[in-house]
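Asks: One-letter residues, chain by chain:
Number of protein chains: 2
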Amino acid sequence: MPTQIPSKQIIEAAHIRIAPYIHRTAVLQSKQINEILNCSIFFKCENFQKVGAFKSRGAVNAVFSLKEEELIKGVCTHSSGNHAQALARAAALAKVQAHIVMPNNAPKVKIAAVENYGGKIYFCKPTQADREKTLEKVILETDATFIHPYNNLEVIAGQSTAAKELISEIPNLDIIIAPVGGGGLLSGTALSSFYFGNNIKVIGAEPKNADDAYLSFHSGEIHPSNDPQTMADGLLTSLGDITFPIIQKHVEQILVCQEETIINAMKLIYERLKIVIEPSSAVALAVVMENPDMFKNKKLGIILSGGNVDLSGFFESLLDA
Amino acid sequence: MPTQIPSKQIIEAAHIRIAPYIHRTAVLQSKQINEILNCSIFFKCENFQKVGAFKSRGAVNAVFSLKEEELIKGVCTHSSGNHAQALARAAALAKVQAHIVMPNNAPKVKIAAVENYGGKIYFCKPTQADREKTLEKVILETDATFIHPYNNLEVIAGQSTAAKELISEIPNLDIIIAPVGGGGLLSGTALSSFYFGNNIKVIGAEPKNADDAYLSFHSGEIHPSNDPQTMADGLLTSLGDITFPIIQKHVEQILVCQEETIINAMKLIYERLKIVIEPSSAVALAVVMENPDMFKNKKLGIILSGGNVDLSGFFESLLDA
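These protein sequences, in sequence, are chains A and B. Each residue of the first sequence is one higher than the last, beginning at 1 in this note's numbering. Each residue of the second sequence is one higher than the last, beginning at 1 in this note's numbering.
Hints listed in this document are in silico derivations from the structure and should not be mistaken for laboratory results. There could be a bad hint or two in this list.
The list treats identical chains as one, so a pair stands whether inside a single copy or across any two.
Stated by the list, open to error - Derived lysine to aspartate or glutamate pairs resembling DMTMM-like cross-links, with alpha carbons at most 25 Å apart: (1) K95 - E35; (2) K296 - E259; (3) K133 - E169; (4) K267 - E115; (5) K108 - D320; (6) K208 - D143; (7) K298 - E68; (8) K298 - D130; (9) K120 - E316; (10) K267 - D310; (11) K108 - E68; (12) K201 - E252; (13) K108 - D227; (14) K299 - E68; (15) K73 - E169; (16) K125 - E260; (17) K267 - D320; (18) K296 - E141; (19) K67 - E35; (20) K31 - E115; (21) K108 - E316; (22) K120 - D227; (23) K133 - E252; (24) K67 - E136; (25) K296 - E169; (26) K95 - D293; (27) K267 - D233; (28) K267 - D241.
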């Protein structure tokens, strides 16, 4: 199969297609974070995006790219995370059914969110095999189109629009850093940086405890994700055969970070920017904190991927105090 | 003493005076919060303000309103909260010394923040009497000007600019709600609503467990705050003889709320707006949640007063997980 890469025109069209349905999210700075880290960081706040994550961009683009005869049969996916909500919402906007396969141990709040958007849920055992088997059954029954969470050209084109907005707003960035799980956001970020930026280097950020993308990047072959133990629960998946070649071609390097640094990065963002992000979002800042010399005096863009985090422990502690 | 009320011109001048030194903070909305509460709420995000609270406005205005011969002697106050940081920062901007009396049990992070802005700290016992005694000594020694945290005309004029910005950005608000502690923010909000709004009603929000402003408002006499037990640690103080008459004249009513509702309001704001606020900020939304009929279908402004909250328990729990 030849390498498939969305063109500049495809990304421009995606941006126009999704614009009515997504937020053009804020770009924030913190003078104090810049002073602490000796660089100038522009945070693209996809935690403020619809459903609280950049996933809305790709899901909307994928759904609204379908031909009428496909669209009316609905869409489906398997996901316990932000893509499930994002696809359910995108389908609702297009007035078609979303069929979502979720593991039977998924958090209640995520199940409720999908149902709230009118998504039909199919529970499966929490294994990759049962996920896929259940999804196949759903496809057989419904003929709905499978929208993969990241290994999908329209999804990648959609995710690329976050970096496209950042680049158009902040000129002359030296580097953009995005977290990498399956690679939808990172490959999209790399494409927008290549098409719309002025020689911007793109760096992927990954927890050391889930370093399959790092290993893949250095070996040239996709390493499967092997039961990763990280709090960055959006970054557990392996690269796909569409995302990986784009990353190989357009990403400068992948840096990994420790779990403790992810927490310190979250803390810095909560305390200084006063915004709520999920652990997966903090990984991009964490690699800056672990590699201060590499980023000294640079003008950096960081994609904060989402803000869906369980804070119930914090609120319970307030009630007990 | 005749009632002292900053005029429209005083507030306009204050806004011009402080503009170079403060953020014009964002106004955010959440479709989901609006749907849950059946009204349209515009949140003025002073948690994004310099030093993380609206207090920057009043402190900068007070310091930059001083005559040259006063200014060079420096400024002083007693505070363990946001005013201490805000005054230290304002003095640093004006290149004069801030003398800050703080209780010896103040959180280390707040002490460090004041020191970071170059403020000189004088520790006292954590009683009102020792605070005042220590401050008197500081004034005798330094001849610095005392900038009261709220019972000060320039401070009130400064705080009023948050509502002024909100009103200029969002036309035709029915109601603005601000939390009330000493009344600096509430009296300023009421003045800006009166001068710049179109028949906007202003409501003060207070924890039931610290309802001295509510009692004062209804009795016509300032009730002292009597060892209040509330998580809204910015709202512990009593009204002052400058703030109270303004509130009596220009505030429609004061509503109180339960501690549990404060937490639920915080939770809604963290989860839906994805921003970090302190408990005192959540009190304004809490009174809406407790009085749904009163606010149904209304166009509301809410001043989110600040974002300085101790989240260390939350981050520790992430590390343990």
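Asks: At most 25 Å between CA atoms: does that hold for K296 and E169 within a copy, between copies, both, or neither?
Replies: within (22 Å within a copy, 38 Å between copies)
Asks: Treating 25 Å as the Cα threshold, decide for K108 and E316: within, between, both or neither.
Replies: Result: close both inside a copy and across copies, 17 Å intra and 24 Å inter.
Asks: With identical chains treated as interchangeable, where does the CA-CA distance between K267 and E115 reach 25 Å or less: within a copy, between copies, both, or neither?
Replies: This pair counts as between: shortest inter-copy Cα distance 21 Å, intra-copy 32 Å.
Asks: As a check of your reading, is K108 near D320 (CA-CA no more than 25 Å) within one copy, between copies, both or neither?
Replies: both (23 Å within a copy, 22 Å between copies)
Asks: Please work out whether the CA atoms of K125 and E260 approach to 25 Å or closer within one copy, between two copies, in both situations, or in neither?
Replies: neither (31 Å within a copy, 37 Å between copies)
Asks: Is it within, between, both or neither when you check K267 against D320 at 25 Å Cα-Cα?
Replies: Intra 22 Å, inter 15 Å, cutoff 25 Å: intra and inter.
Asks: From the Cα coordinates, with 25 Å as the cut-off, is the pair K67 and E136 best called within, between, both, or neither?
Replies: within (21 Å within a copy, 77 Å between copies)
Asks: From the Cα coordinates, with 25 Å as the cut-off, is the pair K108 and E68 best called within, between, both, or neither?
Replies: neither (33 Å within a copy, 61 Å between copies)
Asks: Regarding K296 and E259, is the shortest C-alpha distance of 25 Å or less found within a copy, between copies, in both, or in neither?
Replies: within (23 Å within a copy, 45 Å between copies)
Asks: Within, between, both or neither: how does the pair K296, E141 come out at a Cα-Cα threshold of 25 Å?
Replies: neither (55 Å within a copy, 44 Å between copies)
Asks: Within a copy, between copies, both or neither: where do K267 and D241 come within 25 Å Cα-Cα?
Replies: Neither way: K267 and D241 sit 35 Å apart in one copy and 40 Å across, limit 25 Å.
Asks: As a check of your reading, is K298 near E68 (CA-CA no more than 25 Å) within one copy, between copies, both or neither?
Replies: Cα proximity of K298 and E68: none, with 46 Å in one copy and 40 Å across.
Checked against the numbered hints listed earlier, the structure breaks hints 3, 6, 7, 8, 9, 11, 14, 15, 16, 18, 19, 22, 23, 26 and 28; every other hint is satisfied.
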